[in-house]
Amino acid sequence: MKNFFKYREIWLLAGIVLLIGLISTRFPGFADPANLRPVFNDTSILMILALGQMVVILTRSIDLSMASNLCFTGMVVAMLNAAHPAIPVPALIAIALLIGLVLGAINGLLVWRLNIPSIVVTLGTLTIYRGATFVVSGGAWVNADQMSPDFINFQRVAFLGLPVLSWIALFVIALFFLVMTRTQIGRSIHAIGVNPTASVYAGIDVGRTKFIVFCISGMIGGLAGYLWISRYVIASVEVANGYELNIIAACVIGGISIAGGIGSVGGAVLGALFLGIISNALPVINISPFWQMAISGTAIILAVVLNARGERRQGRIILRKAEAA
Amino acid sequence: MTDTPHPRHIPDRLDKPLSSAVFSWEALLVVIAVLIFAVNSFASPYFLDPWSLSDLTFNFTEKGLIALAMALLIISGEIDLSVAAIVALASTMMGMAVQAGAGTPVLVAIGIAVGLGCGAFNGLLVTRLGLPSIVVTIGTMSLFRGIAFIILGDQAYKGYPESFAFFGQGYVWWVFSFELALFLVAALVYWFVLHRTSFGRRVFAIGNNPVACQFSGVRVDRIKFILFCLTGLMSGIASVLITSRLGSTRPSIAQGYELEAITMVVLGGVSILGGAGSILGVVLAAFIMGLVTFGLGLLNVPGIVMSIFIGLLLIIVIALPIVWRRLREGRFA
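The listed protein sequences derive, respectively, from chains L and B.
First residue of the first sequence? That's 3 in my numbering, and the numbers climb one at a time after it.
First residue of the second sequence? That's 231 in my numbering, and the numbers climb one at a time after it.
Incorrect hints may appear among the rest.
What the hints assert, rightly or not - To be clear about the criterion: a stretch of chain B counts as covered by chain L if any three or more of its residues have a C-beta under 8 Å from a C-beta of chain L, and this derived list gives those stretches:
(1) 357 to 371
(2) 496 to 508
(3) 541 to 552
Said to hold, decoys possible - Negatives, chain L to chain B, calculated, CB over 10 Å:
(4) V19
(5) F29
(6) P35
(7) L82
(8) V91
(9) G133
(10) T135
(11) F136
(12) F179
(13) I187
(14) G205
(15) D207
(16) Q294
Keep in mind the hints are simulated off the structure, nothing from the lab.
In this text the structure is predicted, and so the values were computed from the model without any measurement.
Ideal placement from N, C-alpha and C gives every residue a C-beta, glycine not left out.
In isolation and in its complexed conformation, chain B is listed as follows:
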């Protein structure tokens, strides 16, 4: 490659050598996923069955949908801890609508609209008032779930229409559930938006240097507002799926999902400090978390012990490249 490029052609990224793809974060995740898959198939005879593998996907599709939007938000340097509370509030509103006799299309519209509204509320607080998102969303987390508790107390909403059950329990084709199909389509959309559009480049740019972006004519606040709306929207969609799958609503629904979604995002290689990450990584991380939970579940390992593995996985996967680099540089201080 000695010939100089055409003077007017400026590549937007440098050619990557093959080695960088081999040693990339995503490659590491693929190796881990394959390892866990292999261990699982040896450990349990029930694992390699199309229907068990299909059941496996229910472990991550709902959280994964939230994680896709959360990835963009974290890349832009913000965070949303209120996603699980949005799920609870949207589910409660859908439950109220059911009591009033609403049909399936109305329910879906309500779930999505509540999610979008909550996301917009977070976005307004963060962008209009210039508040740190981590604290704002701790506040709205209490507020949204608090409203669900006020409405429902210790009661539960049931009696969702039969057609509503499709979203969380239906199959598109053979063993492919609607949830999995939706997750894959959403992943494609998010991949395109983040990696193939100018909007996506701006999200990265904001995460790296919001001040420089502002001076370059990027409407930082507007993009951040859109990202909060998207995260709310995805939480609303996740709420429709969870409510449909469970067939009932309690105010404690989806408790702890926010930390699991963030774990997926970070495990997927998104920098918690913003500015770096990929959708492929997040999707792989979602699969890995589903594999770990499901595989251990087949071995009758209780859920709480699985969480140890998820936590260890998170820390080890983040620490490994750092330790590796230091060892190679010969300075482990």
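Chain L with its partners taken away, still in its complex shape:
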């Protein structure tokens, strides 16, 4: 039982239940599953993005370019759809994944081959990818009436009581869970964050693994690009502007340590859900949506304070010197 409460996911889950309880006192219908399902659906994109960011943060890196990647990929996919409505949606999703992969690989190569700190690389590509969106679109928007009905409705089709968007999120969560807990690459990602030097001695190629995590976050950014555009049915240069910090916020609230090595799939998902519930609840309990930013800011600070208490490392850290980096 004592071990049970050691998991920060449990505390986060308790926090979310408490939050839903508090909201229910003001708006009794909120906890109704019929109401929570749309909340989950609405948070799906943030959850997917948070998982992509999580693997990067676990390796002591950061990807600030995810929202710009989302914007660029979404724009390209939307323009393709507007120009060639015949291309089926699964093909467009494949294209989105591919574009995202390329953008992520650029980040990854710069981090891996040139050893530039990831925060610098992705700070640069953050502006480059969003600027590139302007270049490909010429500043024009792609509106709902230019998109094909399939493009817009694909994620809205209900399947076994949930929209396809929710199923995609569930599939991505399951995939990440399997990769992080059951595969060699998942363990390598954790190991690099805990101790890069020891990882080298354990035979892990640190640079290559970092390259792979940036490819993963890039593909996630691309996937989220299609999902975002088809959900909000507008593609413009301003899409998801500044959203990169929301993604990181979801990770931080989910207990993922910015210093690397600590964090779980469940944490990232719950962190995103926490933010999603707040943004969905404020309108129904008659609090101005302008409060949302300050509330999530406070939640982030509280989460960091609580996480820091749990992160005090036990024992000595050997091999501190970062030969690996």
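Chain L is fixed; fit chain B onto it per the hints.
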């Protein structure tokens, strides 16, 4: 130089050969600045005009002021992502004061005090609770701007007194604006503090090895706290300038400035990992960013496309020395 130095004289730095100055980061930045300047003057006939050059400086003075303090903070191994949000909150508070009928001196005092207070809040969270600054300031970024949104919503504050307009729109002498003068004076002060005082040496030392500093009797936390306060203070000053220049306050004011200020610092040669950098580099980087934005603006290149150039510049300038070194060592793996 065969004679041995006096035994009791220990130089604090080795004599640098001239070649190291020629191949230094700052020299690279000067070359880039001159290149961009030359390209701009060829590309647009309107560029080489004292008044356009003066307008150019408004592109970087406000962010540059923040970048000066941010440079010290990053050298010490910390970072502050909340600077733009501090600008927004300070501007909102000044707007509230205007509605209550405050005069110019009170407004300036409020702007600076709010900036200082926000910086101290960041500093306390980082030093007292031992939290990583990148996450703390992502949190306070939402919090500070969030408060501005709560107060203002979709409204805007206007009606700043006429005398208040001087800070962002006034000229000290001929084409030299108050903003530029303030930036240059601040740059001198920061250069002196960082490169000529023991405080500055400690900032470098903390960035290189905070643990060794602690054991050497450097009050690491106190210095970091001061640096966060300074960054807040500079954001408060920048807020006064921006508010005065725009003459109105919206909660979305200065959006994205934090990343631009950090780009300036990194482009200026400050190591994002801490422990290395110079104020001269940051000032040059500020000029370069102003030149790029303004020059492209004269050519009717939209702002978003300029950001591509800034991003490319950032990555290329960082990558060049690394690629160059590898090529010379003959191992490009």
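Evaluation of the provided hints:
1. 357 to 371: holds (count 11)
2. 496 to 508: This one holds; 3 residues, not fewer than the three required, reach chain L with a Cβ under 8 Å.
3. 541 to 552: holds (count 7)
4. V19: holds (23 Å)
5. F29: Holds: least Cβ distance 21 Å, greater than 10 Å.
6. P35: Correct as stated: the minimum Cβ-Cβ distance to chain B is 30 Å, above 10 Å.
7. L82: holds (21 Å)
8. V91: holds (29 Å)
9. G133: violated (3 Å)
10. T135: violated (8 Å)
11. F136: violated (4 Å)
12. F179: holds (24 Å)
13. I187: holds (22 Å)
14. G205: Non-interface label stands for G205 (chain L): nearest chain B Cβ at 19 Å, farther than 10 Å.
15. D207: holds (13 Å)
16. Q294: Not fine: 7 Å to the nearest Cβ puts Q294 (chain L) too close to chain B.
Consistency note: the structure conflicts with the earlier hints numbered 9, 10, 11, 16.
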